[in-house]
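Colleague: Residues per chain, in single letters:
There are 2 protein chains.
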Amino acid sequence: MSTNLKINPERLWSTLMETAQYGATPKGGVRRLTLSDEDKMVRDWFKTTCEAAGLAVSVDAIGNMFATRPGTDPSAPAIAFGSHLDTQPAGGKFDGILGVLAGLEAMRTLNEAGYETTHPLTLVNWTNEEGARFAPAMMCSGVYAGDLDMATMLAGTDRDGKSFGEELERIGYKGPETVGERRFKAFVELHIEQGPILEAEEKTIGVVTGGQGIVWLDGVITGRDSHAGTTPMPMRRDAMNALAEVALAIEAVALEFGPAGVGTLGEALVLPGSRNTIPGTTTFKADFRHPDAEALTAMEAAFTARCREIADGRKVEIDVTRIWRKDPIAFNSTIVEAVEAAAAANALPARRMISGAGHDAFYISGTCPTGMIFVPCWEGVSHNEEESATEADCGAGAQVLLDALLRLDANPPS
Amino acid sequence: MSTNLKINPERLWSTLMETAQYGATPKGGVRRLTLSDEDKMVRDWFKTTCEAAGLAVSVDAIGNMFATRPGTDPSAPAIAFGSHLDTQPAGGKFDGILGVLAGLEAMRTLNEAGYETTHPLTLVNWTNEEGARFAPAMMCSGVYAGDLDMATMLAGTDRDGKSFGEELERIGYKGPETVGERRFKAFVELHIEQGPILEAEEKTIGVVTGGQGIVWLDGVITGRDSHAGTTPMPMRRDAMNALAEVALAIEAVALEFGPAGVGTLGEALVLPGSRNTIPGTTTFKADFRHPDAEALTAMEAAFTARCREIADGRKVEIDVTRIWRKDPIAFNSTIVEAVEAAAAANALPARRMISGAGHDAFYISGTCPTGMIFVPCWEGVSHNEEESATEADCGAGAQVLLDALLRLDANPPS
Numbered sequence: 001m002s003t004n005l006k007i008n009p010e011r012l013w014s015t016l017m018e019t020a021q022y023g024a025t026p027k028g029g030v031r032r033l034t035l036s037d038e039d040k041m042v043r044d045w046f047k048t049t050c051e052a053a054g055l056a057v058s059v060d061a062i063g064n065m066f067a068t069r070p071g072t073d074p075s076a077p078a079i080a081f082g083s084h085l086d087t088q089p090a091g092g093k094f095d096g097i098l099g100v101l102a103g104l105e106a107m108r109t110l111n112e113a114g115y116e117t118t119h120p121l122t123l124v125n126w127t128n129e130e131g132a133r134f135a136p137a138m139m140c141s142g143v144y145a146g147d148l149d150m151a152t153m154l155a156g157t158d159r160d161g162k163s164f165g166e167e168l169e170r171i172g173y174k175g176p177e178t179v180g181e182r183r184f185k186a187f188v189e190l191h192i193e194q195g196p197i198l199e200a201e202e203k204t205i206g207v208v209t210g211g212q213g214i215v216w217l218d219g220v221i222t223g224r225d226s227h228a229g230t231t232p233m234p235m236r237r238d239a240m241n242a243l244a245e246v247a248l249a250i251e252a253v254a255l256e257f258g259p260a261g262v263g264t265l266g267e268a269l270v271l272p273g274s275r276n277t278i279p280g281t282t283t284f285k286a287d288f289r290h291p292d293a294e295a296l297t298a299m300e301a302a303f304t305a306r307c308r309e310i311a312d313g314r315k316v317e318i319d320v321t322r323i324w325r326k327d328p329i330a331f332n333s334t335i336v337e338a339v340e341a342a343a344a345a346n347a348l349p350a351r352r353m354i355s356g357a358g359h360d361a362f363y364i365s366g367t368c369p370t371g372m373i374f375v376p377c378w379e380g381v382s383h384n385e386e387e388s389a390t391e392a393d394c395g396a397g398a399q400v401l402l403d404a405l406l407r408l409d410a411n412p413p414s
Numbered sequence: 001m002s003t004n005l006k007i008n009p010e011r012l013w014s015t016l017m018e019t020a021q022y023g024a025t026p027k028g029g030v031r032r033l034t035l036s037d038e039d040k041m042v043r044d045w046f047k048t049t050c051e052a053a054g055l056a057v058s059v060d061a062i063g064n065m066f067a068t069r070p071g072t073d074p075s076a077p078a079i080a081f082g083s084h085l086d087t088q089p090a091g092g093k094f095d096g097i098l099g100v101l102a103g104l105e106a107m108r109t110l111n112e113a114g115y116e117t118t119h120p121l122t123l124v125n126w127t128n129e130e131g132a133r134f135a136p137a138m139m140c141s142g143v144y145a146g147d148l149d150m151a152t153m154l155a156g157t158d159r160d161g162k163s164f165g166e167e168l169e170r171i172g173y174k175g176p177e178t179v180g181e182r183r184f185k186a187f188v189e190l191h192i193e194q195g196p197i198l199e200a201e202e203k204t205i206g207v208v209t210g211g212q213g214i215v216w217l218d219g220v221i222t223g224r225d226s227h228a229g230t231t232p233m234p235m236r237r238d239a240m241n242a243l244a245e246v247a248l249a250i251e252a253v254a255l256e257f258g259p260a261g262v263g264t265l266g267e268a269l270v271l272p273g274s275r276n277t278i279p280g281t282t283t284f285k286a287d288f289r290h291p292d293a294e295a296l297t298a299m300e301a302a303f304t305a306r307c308r309e310i311a312d313g314r315k316v317e318i319d320v321t322r323i324w325r326k327d328p329i330a331f332n333s334t335i336v337e338a339v340e341a342a343a344a345a346n347a348l349p350a351r352r353m354i355s356g357a358g359h360d361a362f363y364i365s366g367t368c369p370t371g372m373i374f375v376p377c378w379e380g381v382s383h384n385e386e387e388s389a390t391e392a393d394c395g396a397g398a399q400v401l402l403d404a405l406l407r408l409d410a411n412p413p414s
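From first to last, the protein sequence lines are chains A and B.
Going letter by letter, the first sequence gives residues 1 to 414 in UniProt numbering.
Going letter by letter, the second sequence gives residues 1 to 414 in UniProt numbering.
Bound conformation, chain A alone (with noise of 0.2 Å):
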């Protein structure tokens, strides 16, 4: 299963930064809000290149884009790739874009080749993967795989009101196919790793074998303000250092599960706020990540025995609130094997990954087989004007996706 079907880097990187004008910001970067006048540009742009490309480009009721290039056998199943096309509000040119147009430099390159596949292959541009504008992110590929309710998705607005049902029927994105109706074979989707490692161990492929679990956790920490200058140190109930030591018991707990482990204090709040008052109550939002479930839980829970213990050591309450947890998915070994092989056989240094962000690929793998395939940015900078990748490494995946596509069609997921 080895072709010499060579997808043409120059012409993806044209494409890409075609692309990158709509919605394009002054610092290089985009923004091209989900159901914004740019999306709108940039599905139409995509509808009419695909159709240009021969491909039957069908939209869903949630808008959802299907490009399919039929296959050698009419009754097979699908396979398709692809990821997003809405960008971050300060966004760069390769988040989930990447994805999309090597799916259709791969198309491009079967095209001239005359090269026919077994099963029909289908490039996808999901909707709302940010979920900057409407949230949640990654909506439409939730609702396509029915773990994101359709009627509430479609009835929550953005910060000025607006549904993001009348947004898609505005940009004339609401498409007569039924949501979740059409099923594929298997599901591969290319993405920028948005972290640091494959730059820093020079690898050119990130072979993604699943996605971290995933806990986040509200705390209250509750102290008494008091004045600064009048209270000795031993009276104290500081909230301030209480979070802390909050703060470091997170980075520790997060050490001790690693390297796979990693968690963060994202965002704290020091009250009252005042100079000279000592705080009387912070608050906290934590993040957890692991990729393994047993794991995780038990790093949620020697958080929540260390906050204890510094409760109690501080004289203060610390109420930990678990208020969302998603478990870690595991890809299927067939597309994870394949990926391996494609970058092997095109002598591409990789590295099995487990992906630290979320992708559509998470949901749309509680479908159908699933896998993703990961290219250095710099320094792992992404959901930022200065986002980067250079043209080689997204030529290489989009050479892996095309390799380890017609691998699947030779030797599909069962």
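The set of hints was computed from the structure by calculation and includes no laboratory data.
Certain hints may be false.
Covered by chain A, per the in silico footprint, the following chain B stretches (three or more residues, Cβ under 8 Å) [unchecked claim]:
1. 215-229
2. 234-241
Taking lysine-lysine and the DSS-like style, the derived pairs with C-alpha atoms no more than 25 Å apart in a straight line are [said to hold, decoys possible]:
3. K315(A) / K285(B)
4. K40(A) / K174(A)
5. K185(A) / K47(A)
6. K174(A) / K162(A)
7. K315(B) / K285(B)
8. K40(B) / K27(B)
9. K285(A) / K27(B)
10. K162(B) / K174(B)
11. K285(A) / K285(B)
Don't be surprised by glycine CBs; every beta carbon is placed ideally from N, CA and C.
Once you've looked at the hints, dock chain B against the given chain A.
Modeller: Quick look at chain B alone, frame taken from chain A:
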């Protein structure tokens, strides 16, 4: 030097409750912002009441009020005492007010006894001690002492854009007397402790030997924003965890310089403030205090050295800027001893202590021999509608004030 003069604690308490009506809040506190209608009401009451007690009331050009009882030596400078009648926006019934009304009670007690002092006695209400409506705090004792510029203070505005000078004229308290023209032989201020020490140690009288020196430091910690899911722990430059170490360093330095030293991190911001983004920037505002100037300098040096270690250890930048330093104040030893002797003569449990908070007496100490007396307040709570002190403790403070004044009248500081 001992008299049988006894102040009337019930009358003092009743006067405290009477003035608490001007700006009374539903929760039992007082809202009497400087130069507000409520401030005018209590000032009118104070003037009328002092005049009814035979005192000559004068007002200076920044609203400081002086109520004088003549002495037998017309050439002697007055011995002064008092505090302030303005409050925090959600203040209590005792902060400042006790010092003024205990002085009034002392005057009334002398009147009833027909007791003649050698020195004139002057009861003072300093304008705008709180600084809540017009910054800074201790404004008009500062102008009186020559430490703050009068024109600048008069031009200062509140949130509504009203100037201090306009409001002073509006309520009719821009007096004819030149600010600072009147100087005293001595000044004694009675105040609630605003801290928990006296209550915890079951002492009735705090013999205040001086005021802490204060250093205010502003800090900015710069790491790097990155994705909470994709950035391995060892590759992070987490400004939140650096902030945590900074907070604990402030505490450690204070403990190292304890028990006199204190250190507080009262304000902090965590940016960009997203649960799944490792904070790239944090800011903090720190407050260090110590009664010894050299120790205060050493605390600051120890802290900034520790910040450099934290910055190195966490690959972040920590910029620390000193924005204010106030050297410690030592009160006059003759006055300290007079207060201590007065407490002992009344068999009141007393301890020497440093004032943790700032007071008008600090500025006045630059113009004449000065001292302070503290009485306990409930759980050290102040700047709060729940601020509370007992009738017995208020009465004890007034008694010590009167006795100390008489001791100073007989044996004034040189």
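Colleague: Determine for every hint whether it applies to the structure shown.
Modeller: Outcome of the hint check:
no., hint, in the structure
1, 215-229, "holds (count 6)"
2, 234-241, "holds (count 5)"
3, K315(A) / K285(B), "23 Å, holds"
4, K40(A) / K174(A), "12 Å, holds"
5, K185(A) / K47(A), "23 Å, holds"
6, K174(A) / K162(A), "16 Å, holds"
7, K315(B) / K285(B), "21 Å, holds"
8, K40(B) / K27(B), "22 Å, holds"
9, K285(A) / K27(B), "33 Å, violated"
10, K162(B) / K174(B), "16 Å, holds"
11, K285(A) / K285(B), "22 Å, holds"
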